[in-house]
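Asker: One-letter residues, chain by chain:
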Amino acid sequence: MSRALLIVLVLATVNGCITLPREVARELEPVAHHRQDHFRKL
Amino acid sequence: MSIVRAVVLVFAAAWLSGCATTLTPAAYRTFDAESASAGELDFHGLPLQSGQLVVSDSGEADSLLMSMFGEEYTPYGHAGILSIEDGKAYVYEGYALLWPFLGGPPTDAMRGRIRRVTLEQYIDRQRVTAIFDPGAGIDKTAVADFARARHEDGTQFDPYFDWRDHTRLYCTEFAALALNAGGRPLPTPVRVRDNPSLRVALDWLKVQAPQIVTAGSLTEGAERVALISRTLSAREVEAYFAAKRELHRRFTDDQKIGNIWSWSWRGLQLRPQVAAFLEASSLWPHETASDLADEWLGVFVQADSRWSKLHTGG
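Sequence order for the protein chains is G and R. Residue numbers for the first sequence, in our numbering: 1 to 42. Residue numbers for the second sequence, in our numbering: 1001 to 1314.
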């Protein structure tokens, strides 16, 4: 079990550090203006 | 992207599944079922048969993405086929692991097959699980036979969600083909949303299919025989799904995916206000989901559809 946990932790660390392409990262930023955001209250 | 975190978590779950505790319905807030009759397996009171459809929602940020993916809303993001073998209930499902990689999209590094897990293990991963009977006239033995055959022949998981190519199968595609083997017509795939922001992410993931088979299309006309949730009552499940439907309605083509999700070292996350809305939604009647969203997320009126707001429940 300890070996399995170690593998899981290593995988989680490696894969969690993925650098997104710039164009994808840009889409994961919310819009600056609240009026254009249907998921954020003014 | 979203798949990264989900798959890592699923990987962890797979390794740890050997430690899974025995399912105890008393520990669940919802364990609703019709009573079992002759020819069925009584599974903690659930009337189960081979060839029934299992659908679920994990409650994670990734699961919400699956609900938002198509032009038509679907409450469930995952599907599998039930099989009773030697007196035990199993679920066959399309499943993949993410292997370590240094470049390219995570979908290129996903490897998986049609696999078999116990129903307990399946339920344990989900926030909400429902079991549907495909209905009269469907040969459920043939459905289950198809599922077992795809497991035995090692059919690979399709990380690109391409309905046009059945040599590799994603979860709902696998379930649709299994039901079709039992005589149910193939579902009409749902168009992937024409949202430019979502398209940027899908292009990176190499998901080019214009249509997708949703879990919602599989449950049409089927009879729900069980609803299971560890954390939500049946009424709360209904309210939670109504809130997800409201988020789907608000995700119009001018919206960025970043309005709902963010990315961090932990993977894909819900924006705090969206997570809070979903969490709070279960406390209110499902009919109030739109009004609650107006209160928590800001007033939203579709230019051409006041009608849709009045009918967002359920």
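Source of the hints: derived by calculation from the structure; they are not laboratory data. Misleading hints may appear alongside valid ones.
With a cut-off of at most 20 Å between alpha-carbon atoms, the simulated EDC-like pairs for lysine to aspartate or glutamate come out as follows [what the hints assert, rightly or not]:
1) R/LYS1206 - R/ASP1108
2) R/LYS1088 - R/GLU1152
3) R/LYS1088 - R/GLU1120
4) G/LYS41 - R/ASP1253
5) R/LYS1206 - R/GLU1220
6) G/LYS41 - G/GLU29
7) G/LYS41 - R/ASP1165
8) R/LYS1206 - R/GLU1152
9) R/LYS1206 - R/ASP1162
10) R/LYS1088 - R/ASP1162
11) G/LYS41 - R/ASP1254
12) R/LYS1088 - R/ASP1133
13) R/LYS1206 - R/GLU1238
14) G/LYS41 - R/ASP1291
15) G/LYS41 - R/ASP1203
16) R/LYS1206 - R/ASP1145
17) R/LYS1206 - G/GLU23
18) G/LYS41 - R/ASP1294
Asker: Hint by hint, say whether it matches the structure.
Answerer: Hints versus structure:
1. Simply put, R/LYS1206 and R/ASP1108 have alpha-carbon atoms about 8 Å apart, close enough for the 20 Å limit, and the pair holds.
2. Between the alpha carbons of R/LYS1088 and R/GLU1152 the distance comes to roughly 18 Å, so the proposed pair stays at or under 20 Å and holds.
3. Of the supplied pair hints, the one linking R/LYS1088 and R/GLU1120 holds, its CA atoms being roughly 10 Å apart against a limit of 20 Å.
4. Note on G/LYS41 and R/ASP1253: the hinted pairing holds, with a Cα-Cα distance of about 19 Å set against a maximum of 20 Å.
5. Note on R/LYS1206 and R/GLU1220: the hinted pairing is violated, with a Cα-Cα distance of about 29 Å set against a maximum of 20 Å.
6. In summary, the hint linking G/LYS41 to G/GLU29 is supported, as the alpha carbons are separated by about 16 Å, within the 20 Å threshold.
7. Restraint check: the Cα-Cα separation between G/LYS41 and R/ASP1165 comes to about 43 Å, which exceeds 20 Å; the hinted pair is violated.
8. Taken as a hint, the R/LYS1206 and R/GLU1152 pair is broken in the structure, with Cα atoms around 28 Å apart against an allowance of 20 Å.
9. Between R/LYS1206 and R/ASP1162 the alpha-carbon distance is near 10 Å, which keeps this suggested pair within the 20 Å criterion.
10. Of the supplied pair hints, the one linking R/LYS1088 and R/ASP1162 is violated, its CA atoms being roughly 32 Å apart against a limit of 20 Å.
11. In summary, the hint linking G/LYS41 to R/ASP1254 is supported, as the alpha carbons are separated by about 17 Å, within the 20 Å threshold.
12. Restraint check: the Cα-Cα separation between R/LYS1088 and R/ASP1133 comes to about 18 Å, which is no more than 20 Å; the hinted pair holds.
13. Between R/LYS1206 and R/GLU1238 the alpha-carbon distance is near 34 Å, which puts this suggested pair outside the 20 Å criterion.
14. For the suggested pair G/LYS41 and R/ASP1291, the alpha carbons sit about 13 Å apart, so the restraint of at most 20 Å is met.
15. About 30 Å separates the Cα atoms of G/LYS41 and R/ASP1203, which puts this hinted pair outside 20 Å; it is violated.
16. Proximity of R/LYS1206 to R/ASP1145 is assessed by CA-CA distance (about 32 Å); at most 20 Å being required, the pair is judged violated.
17. Distance hint between R/LYS1206 and G/GLU23 is fulfilled; the C-alpha atoms sit about 14 Å from each other, no more than 20 Å.
18. Taken as a hint, the G/LYS41 and R/ASP1294 pair is honoured in the structure, with Cα atoms around 8 Å apart against an allowance of 20 Å.
In summary, the structure is inconsistent with hints 5, 7, 8, 10, 13, 15, 16 from the numbered list given earlier, while agreeing with the others.
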